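*Asks:* Sequence:
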Amino acid sequence: MGITKLSQEIKVQISPKRFFKAMVTESETNLPKVIPKAIKSVEILHGDGGSGTIRKTTFADGSAATYKIHALETENYECKFSMIEGSTLGDKLESIHFDQKIVDTKDGGCIVKLETEYHTKGDIQLSDDEIKVAKEQNIGYYSLAEETLLANPSICA
Numbered sequence: 002m003g004i005t006k007l008s009q010e011i012k013v014q015i016s017p018k019r020f021f022k023a024m025v026t027e028s029e030t031n032l033p034k035v036i037p038k039a040i041k042s043v044e045i046l047h048g049d050g051g052s053g054t055i056r057k058t059t060f061a062d063g064s065a066a067t068y069k070i071h072a073l074e075t076e077n078y079e080c081k082f083s084m085i086e087g088s089t090l091g092d093k094l095e096s097i098h099f100d101q102k103i104v105d106t107k108d109g110g111c112i113v114k115l116e117t118e119y120h121t122k123g124d125i126q127l128s129d130d131e132i133k134v135a136k137e138q139n140i141g142y143y144s145l146a147e148e149t150l151l152a153n154p155s156i157c158a
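If you count the sequence shown from 1, position 118 lands on 119 in the working numbering, and the numbers rise without skipping.
Please note that a few of the clues may not be correct.
DSS-like, lysine-lysine: derived pairs with alpha carbons at most 30 Å apart [stated by the list, open to error]:
id, residue 1, residue 2
1, K69, K114
2, K114, K18
3, K38, K12
4, K18, K133
5, K133, K38
6, K136, K69
7, K34, K81
8, K6, K136
9, K133, K12
10, K34, K69
11, K102, K38
12, K102, K133
13, K102, K136
14, K133, K93
15, K41, K122
16, K69, K12
17, K136, K38
18, K114, K102
19, K93, K136
20, K122, K81
21, K122, K102
22, K107, K81
Calculated directly from the structure, the hints in this document are not laboratory data.
Source: prediction; values computed, not measured.
Use the sequences and the hints to build the structure in full.
*Replies:* Here you go:
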C-alpha cells in the first residue's frame, strides 16, 4: 500500500468554535445547510458522535461515503477521521485519513490545518493532477461553508 500525504492551511473568517460545530460536532444537522451544493445529508450509523462513531454522508449527486471518527477533541477543535467506504475511493484508494485542527487566529477567524493521507491499493501512486483536484476540493468545501456561515449568522451561533 502506498501513502500520499497532503498538508493544507485554509484561512476562514468564522470563529473556531462555530466552524468546528458546523463541520464536525453537529455535522448531521449542519453540513447539509452549510454546504448544500455538495452535501445532501449526514447520518450517524453507529456511535454517539465521538470517537468510534461511523457517519454516512450522502452527496448532492447521490453518491455516498462512510467515515469513521478515530479521535475527537472538542476543546482543542481537533478531529481525526477516515473515509472507509465510498465511490470517492474508486479503484485506487483503500481509505483516506484526515487530521483536522482548527486554530484561532485571534481576529475572529480561524485556520483549518488539514493533514490528509491517501492510502492507495497496492503500489498505485496518485498523479499530480489527482492531488491538485483533491486540494481544490478541500478548499472548495471549506470556502462554501465559510460563505454560508457568513451569510447566515444564526447557523451554529
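*Asks:* Determine for every hint whether it applies to the structure shown.
*Replies:* Evaluated hints:
1. K69 with K114: With a Cα-Cα distance of about 19 Å, the restraint between K69 and K114 holds, given a limit of 30 Å.
2. K114 with K18: 15 Å, holds
3. K38 with K12: OK: K38 and K12 at ~21 Å, within 30 Å.
4. K18 with K133: 29 Å, holds
5. K133 with K38: 21 Å, holds
6. K136 with K69: Status holds; Cα separation ~21 Å.
7. K34 with K81: With Cα atoms ~23 Å apart, K34 and K81 stay inside 30 Å; holds.
8. K6 with K136: 11 Å, holds
9. K133 with K12: 18 Å, holds
10. K34 with K69: 21 Å, holds
11. K102 with K38: 24 Å, holds
12. K102 with K133: 21 Å, holds
13. K102 with K136: Holds, at roughly 16 Å.
14. K133 with K93: OK: K133 and K93 at ~16 Å, within 30 Å.
15. K41 with K122: 29 Å, holds
16. K69 with K12: It holds: about 25 Å lies between the C-alpha atoms, which stays within 30 Å.
17. K136 with K38: 18 Å, holds
18. K114 with K102: 5 Å, holds
19. K93 with K136: 17 Å, holds
20. K122 with K81: At roughly 21 Å apart (the allowed maximum being 30 Å), K81 and K122 satisfy the hint.
21. K122 with K102: OK: K122 and K102 at ~27 Å, within 30 Å.
22. K107 with K81: 24 Å, holds
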